[in-house]
Amino acid sequence: MPAMGFISRGFRGRRRDVASSARVPPGQYVVTDFPVLSAGPTPRVNLDQWSFSIEGEIDEPKRWTWKEFQALPSETVTKDIHCVTKWSKLDTTWKGVSVDTLMGGVETAAEFSTVFSDGGYTTNLTLDDITGNKAWVAYEFDGQPLDPEHGGPVRFLVPHLYFWKSAKWVRGIRLQKEEHPGFWETNGYHIRGDPWQEQRYWGD
Amino acid sequence: MADMTLDGNAIAGLLREIFAMEMTNALGTCGSCGAVNEVGRVQVYVHAPGTVVRCPSCEHVLMRVVRGRGKYWVDLSGVRCLEFAEP
Amino acid sequence: MIKWQLGTLAELKPETPRVSSLYLDVPEWPGHLAGQHVDVRLTAEDGYQAERSYSIASAPEDRRLALTVERLDDGEVSPYLVGELRVGDKLEFRGPIGGFFVWQGQDERPLLLVAGGSGIVPLMSMLRHRASASRKPPARLLYSSRKFEDIIYAQKLARLAAAGDGLSVHHTLTREKPSGWTGYTRRIDAAMVKDVAWPKDTTPAVFVCGPTSFVEAAAQLLVAMDYDPRWIKTERFGATGG
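Chains as they are written, first to last, in this note's numbering: chain A, 1 to 204; chain B, 205 to 291; chain C, 292 to 533.
Just so you know, the hints here were simulated from the structure itself, not pulled from any lab data.
Each hint should be verified, as a subset may be incorrect.
Incomplete in silico selection of chain A near chain C, CB under 7 Å [to be verified]:
{"no.": "1", "residue": "F6"}
{"no.": "2", "residue": "I7"}
{"no.": "3", "residue": "G10"}
{"no.": "4", "residue": "G13"}
{"no.": "5", "residue": "R63"}
{"no.": "6", "residue": "K67"}
{"no.": "7", "residue": "T114"}
If you want the ones that stay clear, here's a sample from chain B, every Cβ over 10 Å from chain A, calculated [to be verified]:
{"no.": "8", "residue": "F223"}
{"no.": "9", "residue": "A239"}
{"no.": "10", "residue": "Y249"}
{"no.": "11", "residue": "W277"}
PhoX-like mimics (lysine-lysine), calculated; alpha carbons at most 20 Å apart, straight line [what the hints assert, rightly or not]:
{"no.": "12", "chain 1": "C", "residue 1": "K294", "chain 2": "B", "residue 2": "K275"}
{"no.": "13", "chain 1": "C", "residue 1": "K294", "chain 2": "C", "residue 2": "K381"}
{"no.": "14", "chain 1": "C", "residue 1": "K438", "chain 2": "C", "residue 2": "K468"}
{"no.": "15", "chain 1": "B", "residue 1": "K275", "chain 2": "A", "residue 2": "K79"}
{"no.": "16", "chain 1": "A", "residue 1": "K79", "chain 2": "A", "residue 2": "K67"}
{"no.": "17", "chain 1": "A", "residue 1": "K134", "chain 2": "A", "residue 2": "K79"}
Ideal placement from N, C-alpha and C gives every residue a C-beta, glycine not left out.
Whenever a hint applies, use it, and build me the whole structure from the sequences.
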């Protein structure tokens, strides 16, 4: 709570459902729309040239074209998502390929990874946080192809962490032996970002 | 989608907090392409977990600002040089 | 450091069905330059705060500080300012802010102002300031609105243009063609800009303000006419405001 100073008579702000609920992490409020956040221009993606790769600490890097990616076994999952800017959206439905499927058969000594996107955005994630049914590479939201402003054609989805980790316009995962903080993690945001421990900023 | 982008005028207040003076006329040299522009001309993204400022010529990230827990985290490493007059 | 201060709403004047001007009494207002803005902050009883920037509509010479606000249907701040706020209420804000998008009366270059929708607000401050200046450079305003009733300051602009002091005002409507209308009826384009803009050898001072897509289209049209980009100052309001 800020130091109580002036109160604007009659101002309530957007209706914020801050009801405490087992599904809503501390400090969050529930929204029904889907706010768009962006750190840069929306990349224009040519699907003929698009690929998704797993590279780095891996004997044989893996790479899929759009057609190959679409042919992979996919899942439809319904998850709650939590943005570090305090909004949470419940029961969001996504279709995509599980990272477990992509990592199937991969042997690596890496414990860390950098997820990287068109436009230069990166975020760091431990292998533990992206395997074991925790992460997907998603191309549909709510039954429709993913909108470019929400990360389409393909975005990363790791809903148990703050949504800045669910990188939009994702192009691959780089496996690493050391942790490399990503775009926001190098500028004040928490290295891991667990909303249930309210790990928003450095020092949290 | 172009409407998500603002310009340096939109962060005039934020920069006053950080630099303690008006900065939109300051000249910044992009660390990537060398373009020199007044801060008022840069590309600004405010709808993000932080504020991101990009070069209007090459879109290189010039500056990032995050605020939280009573702190600012400021990255100016994308600006090779910032020139501004004494107040 | 600019500090937060309180102003009192002295008068609320509707300009169009969705736009009103707020006239504030501000003790110790330090004065401002035409084109600057203020940051307005609203605080709810539970401590929740929302902040938005609004261009100053009044001239530096005017007695009261004026803001002109468009009420956005899905806005958070604007429906409060235009709808809830009453004469006598206090409003918290800080300013004046800005230095780049500013026009001062000593600038003798011919002035070209290009506005889309609520982008007219800071340009109105410039025109009001120009009206009080002793030496007025010739000025032209190109103002794009959706419909006739959406034109903000329609009568004030007509009065300023009728003063015979070198200002001409050119309107375009993008969503209707009212009968008897003598202005343009289309989005700004190369032909319209060529008609209205000063010849490039006059090295004009240009200010463009409005939604991002409008500003970028207008600026590109002027650069395509061989205007030096450094003559052109832009302020983008974004697609949504408050």
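Exercise. Does the nearest C-beta of chain C fall within a distance shorter than 7 Å of the C-beta of A:I7?
Worked result: holds (5 Å)
Problem set entry | Status of the stated non-contact between B:F223 and chain A (beta carbon gap over 10 Å) | holds (18 Å)
Exercise. Hint check: is the beta carbon of A:G10 less than 7 Å from a beta carbon of chain C?
Worked result: This hint holds: A:G10 lies near chain C, its Cβ roughly 5 Å from the closest one there, short of 7 Å.
Exercise. Is the interface hint for A:F6 satisfied, with its Cβ closer than 7 Å to some Cβ of chain C?
Worked result: Holds, because the Cβ-Cβ distance from A:F6 to chain C comes to roughly 5 Å (cut-off 7 Å).
Exercise. Is it true that the CA of C:K438 sits at most 20 Å from the CA of C:K468?
Worked result: With Cα atoms ~8 Å apart, C:K438 and C:K468 stay inside 20 Å; holds.
For this session: Taking the shortest Cβ-to-Cβ distance between B:W277 and chain A, state whether it exceeds 10 Å.
Result: Incorrect as stated: the minimum Cβ-Cβ distance to chain A is 3 Å, not above 10 Å.
Exercise. Is the Cα-Cα distance between C:K294 and B:K275 20 Å or less?
Worked result: Between C:K294 and B:K275 the Cα gap is close to 18 Å, so the pair holds against 20 Å.
Exercise. A:K134 and A:K79: Cα distance at most 20 Å?
Worked result: It holds: about 10 Å lies between the C-alpha atoms, which stays within 20 Å.
Problem set entry | Interface hint compliance - A:G13 to chain C, C-beta minimum distance less than 7 Å | Interface hint status for A:G13: holds (5 Å vs cutoff 7 Å).
For this session: Run the C-beta distances from B:A239 to all of chain A and say if the shortest one exceeds 10 Å.
Result: holds (16 Å)
For this session: Please work out if A:K79 and A:K67 have their alpha carbons no farther apart than 20 Å.
Result: Violated, at roughly 26 Å.
Exercise. Would the pair C:K294 and C:K381 pass a check requiring their Cα atoms to be no farther apart than 20 Å?
Worked result: It holds: about 16 Å lies between the C-alpha atoms, which stays within 20 Å.
Hints 5, 6, 7, 10, 11, 15 and 16 from the earlier list are contradicted by this structure; the remaining hints agree with it.
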